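Number of protein chains: 2
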Amino acid sequence: MSVQEIKIGDLNPHAFIEEQCELISSQVGDSKAVNALSGGVDSSVTTILAHRALGPRLITYFIDNGLMREGEPESVVSAMRNLGVPVVLVDSRNDFFSALRGKTDPEQKRQAITDTFYETVFGRLVRESGALYLLQGTIYTDVEETVAGIKRQHNILAQLGIDTEELYGYKVIEPLIQLRKPGVRAVGKALGMPEKMYNRPPFPGPALVARVIGEANPERIALVRKATVVVEEELAGAGAFQYMAILHEDRVTGMRGGKREYGLQIEVRCWDSEDAVTASPTPLPFDLLLKLAGRLTSEVPGVVSVTYNVAAKPPSTIEAI
Amino acid sequence: MSVQEIKIGDLNPHAFIEEQCELISSQVGDSKAVNALSGGVDSSVTTILAHRALGPRLITYFIDNGLMREGEPESVVSAMRNLGVPVVLVDSRNDFFSALRGKTDPEQKRQAITDTFYETVFGRLVRESGALYLLQGTIYTDVEETVAGIKRQHNILAQLGIDTEELYGYKVIEPLIQLRKPGVRAVGKALGMPEKMYNRPPFPGPALVARVIGEANPERIALVRKATVVVEEELAGAGAFQYMAILHEDRVTGMRGGKREYGLQIEVRCWDSEDAVTASPTPLPFDLLLKLAGRLTSEVPGVVSVTYNVAAKPPSTIEAI
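Sequences listed follow chains Y and Z, in order.
Heads up: the first sequence runs through residues 1 to 321, numbered per our numbering.
Heads up: the second sequence runs through residues 1 to 321, numbered per our numbering.
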């Protein structure tokens, strides 16, 4: 791994911002750059940093892949526009669901998202825009985990020896690659972002696909989206690092109206963690867990069973797939 | 439903025992009866009751189906022999695993166990014994749930309109069919059974097959058996109604030794309940849940994730399949 980590104790956010803005600006020069905003902390910080560096030389896209949380495309785009950053909203839901059809293997699902994102959707946008540079919010933990083979992040192509210029026609710039999450948050704060934005709980690149075991079709994504609304409402105040609802593929026996119903199970995970490298399940009050289960079984169609993750990372990982 | 429940408040255990012994004895007359002891409260109480009624006219079999908990066949048989009840131990593991091969649907798995039990194994034993009567530990809740279509119990054939005499060549006697679990325990106590036996947590008829989502082959049964040892050790003191480990079929991402491992998940359920009709998850201390997860991920090969059930019955059921 050739990337050098900047420890949080060694980070001067304002100096970092200035330095990265100069680097980005000089690298892009008179050409244009594009980036894709996902709404997560990393991509939001990257967007604002790049906007500060490039102004109108930057085109920021928000790609609605159909895999986001309830109301997310609209709220992310409008929050960014409120900060003066123009964002182009692109509806690519059909592209992603077509690519995911029939796929149940986690690696194949991630690969389908990567390929659709880079080749189908972003490739087209970049070609149309004439941009030569792509800005990405890759952070140090992504590199570490991908190199270690734990997870295949969708945004660390260079580290895997993939030449994006040859393959997709553009160069990748990753201004946050030396930082871990706390460093990224500190930079976001120093950039003047609202706390809600820089302290947002992490959300995976493959979005709700990472929260569906088995095929991620529109119906199953809609179910996990509903479950995510409930979990986020109930756990927003828990002070946790990250929390999520996972729709299982396994079916379990339940009963409704006195009749047997072979139904769905939702697993809830809520993590205490500093930097996602290690994490432990948040000791939520039992009443809150029962309330969560009650809401999920009554508000999400077909759900008869709810579990709470109690295994630490490692040997678990934060996301299930 | 033509069976009349005896409420716990109306039950006189000693009078009940005397009455049932007379009924059993007069029904069997000079012929012979057989029963299968599983080690659960219902079948143990039935065995002792029938032994008291019939003495040497009763043959009690313990059928080792390969689906029992660690050391269970040996400990159940020796506990019963210590009470003066002779038991014949029959090794039928191959019959059951052959019947279960390739089956993943819960109903088909239950059906395979029922058919193997009645047609293959017990049918043969009954024919060889010359017995005309079969004693079974069916209780009132089994009838209720099966009639309601919630679960297919393996031991309520008559209630489903199945003529066992025509189909299998014997008549079924169900002395406990008017009682719920607390009544059965009271009868067990009045019969002089050790408390460990009459207060034993319930265990399902299909044994560990009910604790494996997907195919129940010898390898997967061995994994859930190991998990069951851990869960029973840790939760024996929790004062719960029933507790269990369930091996899921879904695979989830984990990491071990810094490497990605696409591994197994164990779900732990622990129930507070009076009679299994309704039940709520036991509010176990969080430290105990973490300890359970730590032991399960280190002691059961391939397990990277552990969850705890937090949904009540209904809409959940006590067992997962």
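Rather than coming from a laboratory, the hints here were simulated on the basis of the structure.
Just so we're clear, the structure is a prediction, and the values are computed from it rather than from any experiment.
Keep in mind that a hint or two might mislead.
All copies of an identical chain are treated as equivalent in the list; a pair is satisfied when it fits inside any one copy or across any two copies.
[What the hints assert, rightly or not] In silico DMTMM-like cross-links for lysine to aspartate or glutamate, where the CA-CA straight-line distance does not exceed 25 Å:
id, residue 1, residue 2
1, K103, D250
2, K7, D30
3, K259, E5
4, K196, D250
5, K189, E22
| At most 25 Å between C-alpha atoms: does K189 with E22 qualify within a copy, between copies, both, or neither? | Within one copy only: 19 Å inside a chain, 83 Å across chains, cut-off 25 Å.
| query | Checking K103 and D250: alpha-carbon separation at most 25 Å within a copy, between copies, both or neither? | reply | Answer is both: 16 Å inside a copy and 14 Å across each meet the 25 Å cutoff.
| message | Reference check for the pair K7 and D30, CA-CA at most 25 Å: within, between, both, or neither? | response | Classified as neither; 33 Å inside a copy, 86 Å across copies.
| request: Could you figure out if K196 and D250 sit no more than 25 Å apart (CA to CA) within one copy, between two copies, both or neither? | output: neither (35 Å within a copy, 35 Å between copies)
| query | Within a copy, between copies, both or neither: where do K259 and E5 come within 25 Å Cα-Cα? | reply | Only across copies: K259 and E5 sit 21 Å apart there, 57 Å inside one copy, limit 25 Å.
Hint violations for this structure: numbers 2, 4, all remaining hints satisfied.
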